[in-house]
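Q: Residues per chain, in single letters:
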Amino acid sequence: MGKYVIRRILLGLIVLLGVVTITFVIARMIPSDPAAKWVGPRATPQQIEEAKIELGLNDPLPVQFANYVIDLTQGNLGRSLRTHQPVVEDLKAYIPPTLELVLLAFLMAIILGIPLGIYSAKMKDKFLDHASRLFSIGAVSLPTFWVALFFQLIFYRMLGMFPLGGRISAETTILYEIPRVTGLLIFDSMITGNWVILKDALWHIILPCITIALYPIGLVARMTRSALLEVLNEDYITAARSYGLKEKFVLWRYALKNTLGSTAIVLTLSLGYTLVNTFLVETIFSWPGLGNYVATSVVTLDYPSIMGVTIFSAATYILLNLIADIIIAMDPRIRL
Amino acid sequence: MRLASKSIGVIIILAILASVLVGCGDSSTNGQSTQTEKRIAYYAFNTEPYIDLDPSSEYSNGLIVLHNIYETLTRYDSNEEVVKPLLAESWDVSEDGMTWTFRIREGVKFHDGSDLDAESVKKSIDRTKKLQMGASFIWDSVNSINVIDEYTVEFVLDYPAPIDLIASGSYAAFIMSPETIDKDNQWFNEGNASGTGPYKLQKITKGEEVILEKFDDYWNGWNDNQYTNIVIKKVAEGSARRQLLEKGDAQIAASFSVTDLKALRENTNVVVKDADTWRNVIGFFNTEKAPLDNPDFRRAMAYAFPYEETITEIKEGLASKSYGLIPKGLWGHDENLNQYSFDLEKAKEYIEKSGVDTNGLKLEMTFTSGTEAYRNFAQLYKINLQQLGIELEIREMNWDNVWEKAKNPSPQDRQDIVIMNWWPDYASPLSWVQSLVRSEEDILFNLSYIKDQNLDNLVMEFEKYAATDRSKAEELIKEIQSEVIDEAYFLHIYDDKTSWVMDKNFKGFEPNPAYEGVVFFYYTYYGE
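Line order of the protein sequences matches chains U and L. In this text, residue positions in the first sequence follow the numbering used here: the first is 1, and each later residue adds one. In this text, residue positions in the second sequence follow the numbering used here: the first is 1001, and each later residue adds one.
Calculated directly from the structure, the hints in this document are not laboratory data. Wrong hints could be hidden among the right ones.
Subject to a maximum C-alpha distance of 35 Å in a straight line, what follows is the list of computed DSBU-like cross-link-like pairs (lysine-lysine) [said to hold, decoys possible]: (1) K1129/L x K1328/L; (2) K199/U x K1129/L; (3) K92/U x K1129/L.
With these hints in hand, go ahead and build the complete structure from the sequences.
A: Right, here's the structure in full:
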């Protein structure tokens, strides 16, 4: 098991180096003038030349790549051509709001998706099973941007129940000191006992969170249902039932335990897709996360920022794959 | 069944939690009434309110924030078309336009409590010049800045330049506290600032939101009905900005689609104000590549463009006809200048005169992707050109790709026509003629690739008189534009307008095209 994990980690690092190399080469191949971007839209040729020297753009490409990798190992992702700030600083500001949204959406997916799947499997082919399946299919297939706009229309414009967007009300920001411990606003306000901010933050996160959570809820519910139905038809379940064990005991102790592995893997791997969905939802809900940063960086060809986000996303995905692999490895039926 | 009951229970708990939260929400932000009590003005901006908060280097949207925190020596009044005192009370210029002397306003305090004086003016401009970032080039003519006495500062130039206008610039002309001169870019971007403006920087959310609060010691004083706090927030979706205005949650916003504007104009709770901008849309002909190196062929191309249809149908009246390079509302704009209009017969005449065989002729037009108006007028132009036997290939690209292609050393590998908009850095026509008309060794923005000695001489003379003799300068700019129009170097497509939408109780706002997108909140107030 230990060897297997080490092998997977090494493989992950090789993949990450591949991602770094490819993104670096692509970034340098795109027709663009980073030096002109660095000094501003109406720079003089002299300013552009000075910027080239400052940014090391006159060095041969392999030297530039080597410098980038060396800096990377020291946690330096370069400076954004647009904001002039270290990319790491930009990421530090933008990752926590995105992370908060995704984590809460996944928590919601677990709390709602698994019971929905169990309930659906248990009530197979009954009305409520059909309703639950319809919901799951809808949740997985509805375009996220459509759901976001629909929620805004209903819950902000028509009912006035939730805010249109943002992470916290301007009034709250003006009147209260916003706690900054981890950058996760809900968590920070909880640990500092700042209930006004907690309430305001929860009020703001509900709509974007549900929008993002719909896809993993649907996915988890469908996965749990089908896996559970398959397990419930296994001989050992029939045997357990024939021993006279209670249905609840059979379901929770024997059946569900054997379905959770696959559900967890699906949930973990869907995080990559959810992250991309989050970028879109953030734009619609004016959520100050990574999505807005990525969108603007791509449009303006701010390649240090694009590379920074790509490396972060790749590293996250590799880590999640590793977790999924470990979950699989923990199943005694699997041989490594 | 017990399992089902549990699930229902979870749903009920969540519903209760949601309703509790809704209750909190309603009490904490009750739209208009809460805002009225605290006098908060909310500006829903279509993109990031700033990219860089360093007043020396910011050269993007940040002017909408910085002009409320920092002030400049002078400010351009677009209604009266004159530059007016701000931090400078008065100024003089030597006869040769080489020395400018500014008398600085006394009794002005920076947000950190320090006093404004000639030394702080010198240090601020020197910092901007030294950094060589953003729009710092506006000070290129300045050789040295000398402190004459505590409240008098002198600018000595290498060549004549309109320093009174430059000092009113929308970028790179901000005066900052001497305490902040040595701070680096990161310090400013951590949310620190110290200007003399009416508002202090209270809080920032990177790339998303800026909150300003009233500076009690502002030199011009305060009235009771002015706004105490300003929220400038990115709201990227047009429909979201519209909803915020309709619900009374935002006080001001701009950049709406034609459909949204139509609906907003019918809403009695908001006021729509259409305003001229100094941004004009120009097509650049590649004059170094056949057949556009032929002036008669360029004239034919100019006559084939659907000017009126673009303004009335595509822009729905939110643009005005261009007369030469200089947009409406800026000195140098002259509606007596000749202008091409859509006339296919004339176009055919000029094609014949040019001797260009249009049979199978293909031309490539490039512009930045995502601009709906460009896409639509390009399609109309394509249809018109088809009637002349010319096939127009329309290529939408990222701006970097458009620019890189336009700067290609080989004229044959460049596009035939590139569409771009242009606006000035300060209230002067100089940047159009300096950047778009004057010959360039390394291509930057002269994307018609004009190399005309006569025009170069005229531009040089214009630079000189723009600083010292306005009437002579106006004659010269007319002459430059006449030649440019006659040679048909450009397609003068339209001068753009913008529509501001405001809450009906948000008063006092006057758009100023010299500071695009800026709301000088100090002059706004809440009124029934």
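Q: Which hint numbers does the structure go against, in order from smallest to largest?
A: 2
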